[in-house]
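*Asks:* Sequence:
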Amino acid sequence: MEPTPPAPEASPAAEVVDDGTIPISRGGVRLIPAPLGSNLGAGILPAGTVVITCDDRGIANKVVERFDMFDHPTVLLRHVDGKPLDLSTIDDVIEADLSDAAVIDALIPALRQHHDALAGLIHLSPLSQFSDTDTLVDRARRDSRSLYLLARAMESDLTEAAKNGSAVLLAATAIDGRLGYGTSADQPIARAAHGGILGLVKCIGLEWPDVLVRAVDISPEMNTSTTFDAIAAELGQSTGPLEIGVSSAGRITWEPIAATIDPANENKLVLEPGEVIVMTGGARGITAEMAVGLAKKYQSQLVLLGRSQLPEQVEPAEIAAATSDVELKSALIQLAKARGETPKPAEIGRQANRIMAAREIRQTLDRIRQAGGHADYRSVDVSDRESFATMLHNIQAEYGQIAGVVHGAGVIEDKLLRDKTPDSFDRVFNTKVHSTAGLIDAIAPNQLKFLALFASVASRFGNRGQSDYAAANEVLGKVACTLNQAWPQTRTFAVAWGPWAEIGMVADLEKHLTARGLTLIPPPLGVQMFLDEIASGDRGTPEVIIAGGAEQLATPN
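Take 6 as the starting number for the sequence shown in my numbering and just add one per residue.
In short, the hints are calculated from the structure, not lab data. Every residue gets a Cβ at the ideal spot worked out from N, C-alpha and C, and that includes glycine. Among the hints, erroneous ones may be present.
The calculated label-pair distances, taken between Cβ atoms and stated as ranges, are [stated by the list, open to error]:
hint, residue 1, residue 2, range
1, Glu507, Gly345, 18 to 28 Å
2, Arg432, Glu70, 35 to 45 Å
3, Arg432, Gln490, 23 to 33 Å
With a straight-line cut-off of 27 Å between C-alpha atoms, the simulated DSS-like cross-links for lysine-lysine are [claimed, not checked]:
hint, residue 1, residue 2
4, Lys454, Lys420
5, Lys88, Lys67
6, Lys425, Lys168
7, Lys334, Lys349
8, Lys67, Lys273
9, Lys168, Lys454
10, Lys88, Lys302
11, Lys302, Lys454
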């Protein structure tokens, strides 16, 4: 069990001790002009067949016509929900459910046999029009999961083609033409699903350095002709930013900027003692530290939601006496033998993990009460939208109006794209995205004072081996941008956290992220900066970066 850090104390400044590391700071995102380069049209044709997913506006057809001008081979794929693969149309438009792993696993080998080497993937299906019935989850599955499956299946083709000439992966999105930072109050929340494409593409760009990788966010207001012109222009750019937005206002990209909190902010958020705050992510790690900090500052009624079952208050004497992992496993083995069982190492390990988790949950609840708050813990799978929504309704029925939500639930299963299985992708992606969709559906925003969504610098900058995690967290970032406009009475923000020292999922990434120049966040400081964000953060920064050395990072060009 991890050592328990002391309760956080207020810090006068958001930075670490001057020990040679880069100070922990608060940042944001600024859009900057990105005029087309002078090499427009100089892009080299991919060294093989280009696979293009269809939209319903005729844009993909125009792209095919452009390639036809150069006698360059293409394949058109059209997504149809639930439709199995039918290869009888392999010489025409292939219609199938492109979000189905079995379909893609059969499709790509067939294309290899029927066509020249595959050297390009242009994902235009996300430009299909949004209907009134489209949901965040629907479009995430259709547009982001399909891109993951296609890119994973075609990785060897594209990286090999890059060695033999050139290869391209271009994915279009239709958020707002400004990478999610130009959303309006009436914009459908489903468009935030395209954040998954942006997060995924940033990681692919790092994993495939020799392939031309681009994400282009197209304003929904642009017509078919101007949208095609924008796509064609990007295919003609061999250098430049990975993430581009295109609208009537021009071509833009983004950069990180310092964004300090104004202590004189007149719109400070006030939380009264006893007000209800729901926190997902369990009662361990970063969420636990945040809960203790909130209890100490506001004396809140905290309801912590996690996957682990509510632990029993009293352990058997033989178990309670074991304090280390080794002692606990030894005690469990002895108990199994006493019952006449043959202990299996894997099961003993699982039992030990459950007991350690239960102890940590009880310890967190005790720390919350000692800090002056009230603690309640409930077990729920937040990725199950119906169960999560039912839980939120029950909490509101029991405690009354929810004043704040801290959505910290998430799992990490890091693998490079080529090794990432669909089941693993779904576990990581759905835990974040499905739970957020359930939260939005179930919560009553009219009296909600704040909604904090925990994301990661992996989604803002990309990171090798984290395509699923980055995709999921980038959806949360775009959700925050959208709700920041749609829910004017609620302070809604996403925090792209840098790696924390000693605790949390991001602590598992210390090696990778510190190697890229990031400083680890001391837990007391991270908690204090989060409390400052709740109290005094401004609505103009719906996506906050809290990290040390974020300016050292760069998305691939």
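*Asks:* If a hint holds in the structure, say so; if it doesn't, say that too.
*Replies:* Each hint tested on the structure:
For the pair Glu507 and Gly345, the supplied restraint of 18 to 28 Å is violated, since their beta-carbon distance comes to about 41 Å. Between Arg432 and Glu70, the C-beta spacing of about 41 Å keeps the proposed range 35 to 45 Å intact. At roughly 31 Å, the beta carbons of Arg432 and Gln490 sit within the given window of 23 to 33 Å. A hinted pair counts as satisfied when its Cα atoms are at most 27 Å apart, and Lys454 with Lys420 does not qualify at roughly 37 Å.
As the CA atoms of Lys88 and Lys67 are separated by approximately 25 Å, the hinted pair is consistent with the 27 Å bound. Proposed proximity of Lys425 and Lys168 is supported: the alpha carbons are some 23 Å apart, at most 27 Å. Restraint check for Lys334 and Lys349: satisfied, since their Cα atoms lie roughly 11 Å apart, inside the 27 Å limit. The straight-line distance between the Cα atoms of Lys67 and Lys273 is roughly 51 Å, outside the 27 Å bound, and the hint therefore fails.
Taking the CA atoms of Lys168 and Lys454, the gap is about 53 Å. The hint is violated against a cut of 27 Å. Restraint check: the Cα-Cα separation between Lys88 and Lys302 comes to about 54 Å, which exceeds 27 Å; the hinted pair is violated. With a CA separation close to 16 Å, the supplied pair Lys302 and Lys454 stays within the 27 Å bound.
When the structure is compared with the earlier hints, violations turn up for hints 1, 4, 8, 9 and 10 and for no others.
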